[in-house]
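S.K.: Here's the letter readout for the chains.
Number of protein chains: 2
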Amino acid sequence: MKIHNFSAGPAILPASVMEEAAAAVREFNGMGMSILEISHRSKQFIAVMEEAEALVRELLGVSDEYGVLFLSGGASSQFFMCAMNLLDAEDTAGYVNTGTWSTKAIKEAKLFGQVKELASSKDKNFSYIPKGYDIPTGLKYVHITTNNTIYGSQFQTLPETDTPLVGDMSSDIFSRPIPVDRFGIIYAGAQKNMGPAGVTLVIVRKDLLGKVTRAIPSMLDYRVHIENESSFNTPPVFPIYVSMLTMRWVKAQGGVAAMVPLNEAKAKLVYDEIDASPLFTGVISDVADRSRMNATFLLKPGYEHLDAEFLAACKAAGCDGMKGHRSAGGYRASIYNSMPIASVQVLVDVMREFAAKHA
Amino acid sequence: MKIHNFSAGPAILPASVMEEAAAAVREFNGMGMSILEISHRSKQFIAVMEEAEALVRELLGVSDEYGVLFLSGGASSQFFMCAMNLLDAEDTAGYVNTGTWSTKAIKEAKLFGQVKELASSKDKNFSYIPKGYDIPTGLKYVHITTNNTIYGSQFQTLPETDTPLVGDMSSDIFSRPIPVDRFGIIYAGAQKNMGPAGVTLVIVRKDLLGKVTRAIPSMLDYRVHIENESSFNTPPVFPIYVSMLTMRWVKAQGGVAAMVPLNEAKAKLVYDEIDASPLFTGVISDVADRSRMNATFLLKPGYEHLDAEFLAACKAAGCDGMKGHRSAGGYRASIYNSMPIASVQVLVDVMREFAAKHA
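One line per chain: the protein sequences are A and B, in this order. With this note's numbering, letter number 179 in the first sequence gets 179, and the count goes up by one each step, no holes. With this note's numbering, letter number 356 in the second sequence gets 715, and the count goes up by one each step, no holes.
In short, the hints are calculated from the structure, not lab data. This one's a predicted model, so the numbers in the text were calculated from it and none came from an experiment. Ideal Cβ placement from N, Cα and C applies to all residues, glycine included. Any given hint could turn out to be false.
In the DSSO-like style, the derived pairs of lysine-lysine whose C-alpha atoms are separated by at most 30 Å in a straight line are [unchecked claim]:
#1 A/Lys211 - B/Lys466
#2 A/Lys110 - B/Lys469
#3 A/Lys104 - B/Lys570
#4 B/Lys610 - A/Lys107
#5 A/Lys323 - B/Lys565
#6 A/Lys107 - B/Lys570
#7 B/Lys674 - A/Lys104
#8 B/Lys570 - A/Lys2
#9 B/Lys565 - A/Lys211
These stretches of chain A come out as covered by chain B in the derived footprint (C-beta under 8 Å, 3 or more residues) [to be verified]:
#10 26 to 35
#11 88 to 99
#12 213 to 222
#13 237 to 250
Based on the sequences and whatever the hints tell you, model everything.
M.R.: In structure tokens, the structure reads:
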């Protein structure tokens with residue numbers, strides 16, 4: 001049976017990328033060796049790293065004022081690393097709290113400096129993106145989580161401020177163009193739109209570094225990784241390779257701008273079904289804040305007893321990974337770049353048939 | 360042409376592991392999905408994590424007093440994490456300096472506490488393992504690099520002390536039995552004997568944790584990873600999976616004890632050729648300290664002009680990755696667990712024929 005992978009992450013990657021990655025595990029680039037056993041200092045892998053960096057710069061429009069890094073440790077390590085590198089103990093950074101990941105980012109940043117929570121949607125279980133809040137001057141940076149994987153909300157416009165933004169884009173990187181020059185740091189765990197788990201993209205404005213007074217361990221210092229082109233230590237070779245293949249695929253589709261109408265069409269398909277359904281309702285209270293990457297929905301009041309049956313119907317149709325995160329409940333259809341619209345149609349058909357049968 | 364991969368790391372893995380890993384990139388475990396796109400919370404991947412931990416415990420004899428962690432960030436992150444977690448600012452740790460990696464471990468530890476260099480072989484370009492030095496009481500731990508990948512030396516006996524050892528075993532983990540109870544922490548980047556780059560094994564004695572007064576970011580706190588069974592954040596799924604396959608392979612060979620005679624036979628083959636050769640000489644001055652994992656050697660004085668020609672002869676025979684690290688010069692044959700003795704014989708034949716032609 002064909003499986004439609006709606007998992008929130010690690011998540012679906014293009015089928016052609018899987019094929020090429022599997023072939024490289026057998027033999028890479030005619031070397032007589034697997035991609036898993038070649039030196040990270042080999043000219044063949046250095047070419048992979050260079051192409052990966054060039055693709056990030058080309059796809060997102062990243063200038064030389066920024067370093068492009070492939071690190072390990074996930075976005076969870078960036079929660080503290082951005083503060084450790086940018087924020088002295090007496091400095092203040094602003095954070096917009098839009099969910100679980102923002103909350104964790106705030107907690108870790110507080111170990112290194114002062115944190116001002118500029119706005120929060122915790123009052124309504126993170127079901128919207130805060131708007132209309134003041135951003136004072138004098139902040140070192142303003143941190144946002146551009147897409148909230150768990151709740152299914154997404155910033156459709158950026159906060160209005162001249163302060164550099166720091167953006168956790170783990171679940172919507174490469175899904176739409178980014179005004180990179182608004183950001184001091186952009187970071188993203190690979191395992192949604194970029195590649196498999198095990199590598200984290202960090203784009204960092206070089207002139208912001210070296211201003212804090214604390215001593216920083218080499219592995220946590222962005223400057224060390226910039227100087228060493230992400231190879232200060234042995235980088236995660238295979239996750240970087242597969243990320244490079246995925247970026248090649250994005251480029252072949254027409255680049256990030258070409259992703260937008262495809263992602264909007266997929267999101268519209270799910271959200272239209274939710275809005276028309278007698279059985280389902282969306283999680284996000286302000287529809288303008290709905291994520292194009294993670295569509296979250298619930299059974300309407302009175303139908304909650306159908307939970308297990310709906311998940312079984314999804315599974316029977318090959319729709320995998322539909323259970324919502326325990327913090328949000330219900331269902332979540334993650335519809336990243338490489339999710340075909342045909343798979344989304346399969347899900348929508350399941351939703352419609354299930355509603356016709358039960359509502 | 361058959362390639363014999365003598366690379367120091369990332370390094371050769373068993374051919375059967377590569378085959379199984381490639382198949383899992385196509386489809387894992389009959390799930391209709393690739394290992395690269397399944398959730399780290401799926402029961403199938405949790406089974407991989409549990410088997411990986413169980414194999415570490417079985418192969419190395421690790422009791423429940425220790426946590427077994429699969430982290431990212433490489434051994435280079437452990438250089439500072441072991442000090443950050445075990446050493447308060449006024450505490451002192453002892454370090455034996457046996458090469459590039461020990462030197463880096465010392466540098467990073469100094470950011471967090473007092474470091475006493477107990478002994479060093481820097482005086483002779485790290486060509487031996489120091490012996491006969493005093494180890495004072497009152498140290499929090501004694502750090503050693505059990506195998507020095509760059510220079511080709513290896514501790515054949517452990518320092519005599521009642522203080523817990525901290526061991527960087529990146530390049531000889533699973534190559535021989537370890538008296539785990541002598542250690543407070545054992546750590547190892549996977550990319551030599553354990554798996555591909557992108558995951559780091561950390562074995563840590565739980566009762567040593569929680570004693571320092573500093574605040575530790577969640578991702579750097581061993582206790583957080585123990586509580587969350589290495590899944591506090593998304594772990595490096597594929598590198599862990601391939602490491603698990605490699606450990607299965609070690610077990611199928613008869614376990615770590617069965618590796619010893621095989622590794623000794625391979626090392627003897629290379630070292631006997633070096634010692635009998637009119638052309639080559641070993642790098643390590645005390646032959647008792649020679650590594651069973653990385654055999655390093657040089658052209659004898661007067662023959663250095665043959666360098667490029669020897670490397671070309673290696674390459675012509677399919678012996679890849681033979682160039683020594685720039686810090687040690689000459690040549691390095693890395694002969695990890697999964698290197699077949701037949702490949703070592705190919706190299707020795709090249710060395711012998713080259714000597715017969717030129718000496």
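S.K.: Please work out if A/Lys110 and B/Lys469 have their alpha carbons no farther apart than 30 Å.
M.R.: 24 Å, holds
S.K.: Given the hint that A/Lys323 pairs with B/Lys565, does the C-alpha gap stay at or below 30 Å?
M.R.: 35 Å, violated
S.K.: The segment 26 to 35 of chain A covered by chain B? Criterion: 3 or more residues, Cβ-Cβ distance below 8 Å.
M.R.: That given contact holds, which follows from 5 residues of the segment 26 to 35 of chain A lying within Cβ reach (below 8 Å) of chain B.
S.K.: B/Lys674 and A/Lys104 were given as a pair; does the straight-line alpha-carbon distance stay at or below 30 Å?
M.R.: Judged against 30 Å, a Cα distance of about 51 Å means the pair is violated.
S.K.: Is the coverage entry for the segment 213 to 222 of chain A by chain B consistent with the three-residue Cβ rule at 8 Å?
M.R.: holds (count 5)
S.K.: For the segment 237 to 250 of chain A, count the residues whose Cβ lies under 8 Å from any Cβ of chain B; is that count three or more?
M.R.: holds (count 4)
S.K.: Please verify whether B/Lys610 and A/Lys107 have alpha carbons no more than 30 Å apart.
M.R.: The hint is violated at about 42 Å.
S.K.: Decide if the proposed pair is consistent with the structure: A/Lys211 and B/Lys466, CA atoms, cutoff 30 Å inclusive.
M.R.: Roughly 21 Å between the alpha carbons, so the hint for A/Lys211 and B/Lys466 holds.
S.K.: What's the verdict on A/Lys107 and B/Lys570, does the C-alpha distance respect the 30 Å limit or exceed it?
M.R.: This hinted pair holds, its Cα atoms lying about 21 Å apart.
S.K.: Given the hint that B/Lys570 pairs with A/Lys2, test it: the Cα-Cα distance must not exceed 30 Å.
M.R.: Judged against 30 Å, a Cα distance of about 52 Å means the pair is violated.
S.K.: Would the pair B/Lys565 and A/Lys211 pass a check requiring their Cα atoms to be no farther apart than 30 Å?
M.R.: Given pair B/Lys565, A/Lys211 is violated - Cα atoms ~37 Å apart, limit 30 Å.
S.K.: Is the hinted pair A/Lys104 and B/Lys570 satisfied, with a Cα-Cα distance of at most 30 Å?
M.R.: 24 Å, holds
Hints 4, 5, 7, 8, 9 and 11 from the earlier list are contradicted by this structure; the remaining hints agree with it.
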